[in-house]
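**Q** Now for the letters of each chain:
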Amino acid sequence: MQQDHKGSGFLVRIGRRVRRAVQPSPAAEAESAQVETVGAERRSEGADESELSTASVPVRPGSIEELRALRAQIAQVQAELAAADQERESLKAERLHLQEILGAQHGKRVLPRLKVEKTNGVASLVAGARMMQRVHGKADDPVAGIDGAGALFADAERTTAFLRSHGVRSEVDPAAVPTVVVHAFKGRTPLLELWAEGQVRHLTPGGEDPGDIRPGVRYDPEIPAPARLRRLVRASRTLSTYVPRPYVQIRWCEKRDGTPVLVGIDVNPQRIPVLTPEWDERLGKAFDSGHARMLMQPYKVGALDNRVPGGTFSYEETV
Amino acid sequence: MTSEPTSAAQRPSRKVRIERARSRLAALQERLAKRQDGNHELRAQIAVLTEEAKSPAERQATGAANLETDPGKPSYALSARLHRRANTTGVNIREGLREPILDLYTKTAGRAFAAAHGVAVPLELGRWPDPDAVDWDSLPDRFVLKSSRGGGGISVFPLERTDEGFVDRMVDEPVTIQEVTAKLWKKHQDASVYIAEEFLQAKGGEPGQMPHDIKVFCFYGEPAFIEVRTGDWSRARETEQRLRTFLPDGTELTHVRALISAGRDVTAPEDFEGVVQAARVLSQAIRRPIQRIDFYETDRGIVFGEITQNPGRPPSLVPEWDERLGRAYEDAYARLLADLTAEGALGVEFGDKG
Chain A
1 MQQDHKGSGF LVRIGRRVRR AVQPSPAAEA ESAQVETVGA ERRSEGADES
51 ELSTASVPVR PGSIEELRAL RAQIAQVQAE LAAADQERES LKAERLHLQE
101 ILGAQHGKRV LPRLKVEKTN GVASLVAGAR MMQRVHGKAD DPVAGIDGAG
151 ALFADAERTT AFLRSHGVRS EVDPAAVPTV VVHAFKGRTP LLELWAEGQV
201 RHLTPGGEDP GDIRPGVRYD PEIPAPARLR RLVRASRTLS TYVPRPYVQI
251 RWCEKRDGTP VLVGIDVNPQ RIPVLTPEWD ERLGKAFDSG HARMLMQPYK
301 VGALDNRVPG GTFSYEETV
Chain B
1 MTSEPTSAAQ RPSRKVRIER ARSRLAALQE RLAKRQDGNH ELRAQIAVLT
51 EEAKSPAERQ ATGAANLETD PGKPSYALSA RLHRRANTTG VNIREGLREP
101 ILDLYTKTAG RAFAAAHGVA VPLELGRWPD PDAVDWDSLP DRFVLKSSRG
151 GGGISVFPLE RTDEGFVDRM VDEPVTIQEV TAKLWKKHQD ASVYIAEEFL
201 QAKGGEPGQM PHDIKVFCFY GEPAFIEVRT GDWSRARETE QRLRTFLPDG
251 TELTHVRALI SAGRDVTAPE DFEGVVQAAR VLSQAIRRPI QRIDFYETDR
301 GIVFGEITQN PGRPPSLVPE WDERLGRAYE DAYARLLADL TAEGALGVEF
351 GDKG
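Going line by line, the protein sequences match chains A and B.
Just so we're aligned, residue 1 is where the first sequence starts under the working numbering, counting upward by one.
Just so we're aligned, residue 1 is where the second sequence starts under the working numbering, counting upward by one.
A few of these clues could be false.
Stated by the list, open to error - Calculated lysine-lysine pairs in the PhoX-like style (CA-CA distance at most 25 Å, straight line):
#1 B/K353 - A/K118
#2 B/K54 - A/K115
#3 A/K118 - B/K187
#4 B/K54 - A/K92
#5 B/K186 - A/K118
#6 B/K186 - A/K285
#7 A/K92 - B/K186
#8 A/K118 - A/K138
#9 A/K118 - B/K73
#10 B/K54 - A/K108
#11 A/K138 - B/K353
#12 A/K300 - A/K285
#13 B/K353 - A/K300
#14 B/K73 - A/K285
#15 A/K108 - A/K92
#16 B/K353 - A/K115
Stated by the list, open to error - Where chain A lies over chain B, by a calculated footprint (3+ residues, C-beta under 8 Å):
#17 17-23
#18 106-120
#19 209-215
Hints in this document: simulated from the structure, not taken from any laboratory.
Ideal Cβ placement from N, Cα and C applies to all residues, glycine included.
Chain B extracted, bound-state conformation (with noise of 0.2 Å):
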């Protein structure tokens, strides 16, 4: 098709014209505001990846000369994964040690371990012993039907009664009271009990609305790092997990744990000061450098989510955070070698073969 000349008549006027212009600029810009941000996560992946590809030696090294005498820096990375190997590759039980944060791996001893210190822990409707006996007729029409035990949220079915049965929040799909049971006994554990909680309502929310996860990154009484999440279910495999991180001051971070995409969506807490004096009562409770305690905040405040000794995946952020973060877990390491070597549990032995 060939166009015609267009005719001075024709033509739009100057103004309508720079009005096209400034709309046409306006969308570039947005548009290299976007990539420009895109290129920003790209770097940050690319210098979280850089630290990852090296040997442990070569990443908290500091560039001294000499490597053998550089006192090399912290780093996050290296120090929560001392700690997940103690736990996950059975260094700690060939030595005898369990840990005691292992006994707030249950939910439900988590939850009495944070009522004990009063924080807000989620109303319990019911307990049975196995997946069979739960009462479904004696619960609400919203409701949290879990396991005592099991991370990622594979055994935490949120429901919502329908006529024709549940709608499983965490997914959006109809469920079947059998469907649910069978899905518990898979993951069924001798030790493993079954709890039905209120269904906690994200804060100004719809009911219904589930709230995010507020996980943060705690070292003995202080917590450092707070991400907000959504998306972070094992049972939720199309869901893209999305994620924003503040400061404890409620300073958001862009870009610090890049490999995980940043979400737009999920909503930033408006009580960073609750969260932070929970998560620091809690923290300062177990005799621990490092642990991850889990929040959600409703309309009647601050709820206890859960304790994590040993996250699946301990953020890998880009190498000025994974310092201050290695700072602030050698210091929580400082001050609890501080503490027990106050209370005399911890110095050198002397024998008694004199």
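The following block holds chain A by itself, in its conformation from the complex (with noise of 0.2 Å):
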């Protein structure tokens, strides 16, 4: 897809070296071989301080072939270290030339190595999104999530009854291909898209389009806004606020009159969109608010409270 080499050769460059430097080439590995059998001489010569050999010459202790021997080896270990000090000065610029594009990304000509942990690190749909999908994922039934919210939604019935139950009256249709996915984020719900012949277009929940933002999917400006926009991100937000998933997609169709049917609600979407860093960032800043009400939940009924043997911790400040 395009956005896999967006911006990010420079990126792949260094990871394809780093890698070659972390996983040694057979020729590295064979000098390292070579270091460990002079190693492995040293080790034998320090069992028996009068003898050095190798397995292919037999040395006599003191004989001008064990001088030799040991010069060799001395300019041997030199090569060795006039390569690292070489490789050295190479890694050493590579490194600070990661820590100036860091510090640009900080607002610093170079970060400093100890900064780097500091960072708070930035706000990311798909990052948090992919992470509560694995951590649901580890359920005895992975579709139907720790919380059995997949299951749950995957019978139309229940997904009724949920609806109703809400005061949302729309009708259920699991079979209807979407044309609309709602980004929702427990009662937010920052981002639409509309979907018509494999092309996409996003509107914020107030019909306004910010173009194009998903370099992987091809845009269409034309695809029109739903007929009754308003009723549906209503709907989406009032779903998805009693769902105990931070984030969940829930799709729509239209009927030729415009009314929505609701397809489904995602909790466990197989795509999430790639977008453009700005918006990766937007929605996610809803993401990472969306885990905090999350919590609420559990938080309201003290089941987050610190446990001490017999009960729940509590402490209060006394002099």
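Join the two chains into one complex using the hints; note that each chain is given alone, in its own frame.
**A** The structure is reproduced here in structure tokens:
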């Protein structure tokens, strides 16, 4: 896909270099093995101070051959040291370059190494949503998820009951092809995607088109907005509020008269949009706040309280 | 200067030359080993920085052809920062969430929590409402005076009485009562209280020898990564931080948290099992997938230090370990969600409009 290559050429090159460096080449391994052989010789020498033996050339202790062998080893280690020195300079240059890239990201010329860990990172829809999917994927039934939401919303009857319980009157048709996907974060719906013939257009809940924000999918500005956008957004907000996931996709199609029909609430979407960095961060912030709202459900009933034997921990400061 | 030709008689004997050659070879081999280790560290740093330079979406990708369907891979850094952002950028506050782990933030509360679980805590020698109220005369020759609030050792003073006053053992400099009091007032918060604790002594150490910090990165009941650190105090700016890294079974890892210097002078814990057991008990009682719990190893065993919900610097690890700890985090989160679901505290909520 297109975004695989956008702006990441340098990082790909660096990545290759790092992989090469971290996983030594066969030549480097051979060299390393050679060093070990020298080391083994030294160790065998340590076992018997008067003896320096190699597998191929037996050397008489104290002989000129021993001296020559030692000198040869010295020359070899010197060569290795020179190569290591050269590598060091090259690695330091590479490290500095990366620190400059990070510096630019943080408004500095160079980001000091010890400052790297101080960052809060950048919120990300893709990173957050995939993390939570993997967590729920550890359930006995990965599709259902740990909270069972996936199983519930796979059942049209229970899904309809869920809608009705929250006063949403829309029909439910799991067999329909969705044309609108609402990206919903526990009651917030910052972005909708509209599909037509394999092309996509995005809208904010207010109906504004942010343009071509999804590099991997073809953008079509002509795809019409849903006829009843506000109703669809309102229903999506309501429904997502009561699903214990920071992020869900609520899929809709429209009848000919524009009435929205719910196709499904997807708590484990296979496709998560890879948007421009600005939009990934914007939806990432929505994920972060959705994550906090998800925790409100157990928090309100005291289920997150710290435990001590026999109950929950409470502490009052006294002097 | 020109050197005169050396006669055969003046030339060192072959035996001497062999000895010299051996010494030279040994010195060179040592230098080479150090340089190779240094290059290993540099490669590890480059690996860390390469990941840090990526966007989160790129960083979590597995390399699948289609990024939109790529299931991604775990990352400790990305997960730890999610929790850190939630606490430090006001996300939780805006949503009305005050994570109960924050109740363990003060040293006094953390200690009470540890003690409730049977984990040894430092002996308290006195407690006062403000720095002026400290009863200095009642304290022994060695003690630690600290505020209940504040991180990074900024309001912690390990003190040793001298004829002239005290020595601050964190920076090994003389200090007066007035100076300590002024420094404590500078960071005073309304809810702060001041406590004097026994001066913990490193196991098998000399009197006054502070133990290293043992920092255990825990994931809801699973200690996964142990760091032993020294020099990691805000007040000791001239002191370089050094650390050694271990797995719970005592296996040492090198160049994993590569951006911080490894410390050859840092002592490994002797009682890994004790550290792990105490960390496991406390971590399991904190309903959060991630936390750091600190201990000290002393002659009277493993002693509790503090609980940290958001380390000031969540470790940046080389990719292999970032992923391994990321997996530990995700396993922990799954266990926590399973517990919450089983208790009926988490689930799809039906309304009553039927």
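**Q** If a hint holds in the structure, say so; if it doesn't, say that too.
**A** Each hint, compared with the structure:
1. B/K353 - A/K118: The hint is violated at about 48 Å.
2. B/K54 - A/K115: Holds, at about 16 Å.
3. A/K118 - B/K187: Since the Cα atoms of A/K118 and B/K187 sit roughly 21 Å apart, the hinted pair holds (cutoff 25 Å).
4. B/K54 - A/K92: Distance ~19 Å between B/K54 and A/K92 Cα, so the pair holds.
5. B/K186 - A/K118: Roughly 24 Å separates the two Cα atoms, so the pair holds.
6. B/K186 - A/K285: Judged against 25 Å, a Cα distance of about 35 Å means the pair is violated.
7. A/K92 - B/K186: With a Cα-Cα distance of about 41 Å, the restraint between A/K92 and B/K186 is violated, given a limit of 25 Å.
8. A/K118 - A/K138: Violated, at about 31 Å.
9. A/K118 - B/K73: Cα-Cα ~23 Å, so holds.
10. B/K54 - A/K108: Status holds; Cα separation ~17 Å.
11. A/K138 - B/K353: This hinted pair is violated, its Cα atoms lying about 33 Å apart.
12. A/K300 - A/K285: With Cα atoms ~23 Å apart, A/K300 and A/K285 stay inside 25 Å; holds.
13. B/K353 - A/K300: Measuring from Cα to Cα gives roughly 22 Å; hence the hint holds.
14. B/K73 - A/K285: Distance of about 20 Å is within 25 Å: holds.
15. A/K108 - A/K92: Given that 25 Å is the threshold and the Cα spacing comes to 19 Å, the pair holds.
16. B/K353 - A/K115: violated, 53 Å
17. 17-23: holds (count 4)
18. 106-120: Three-residue rule met by the segment 106-120 of chain B, so holds; n is 7.
19. 209-215: It is violated: at least three residues are needed, and the segment 209-215 of chain B offers just 0 whose Cβ sits closer than 8 Å to chain A.
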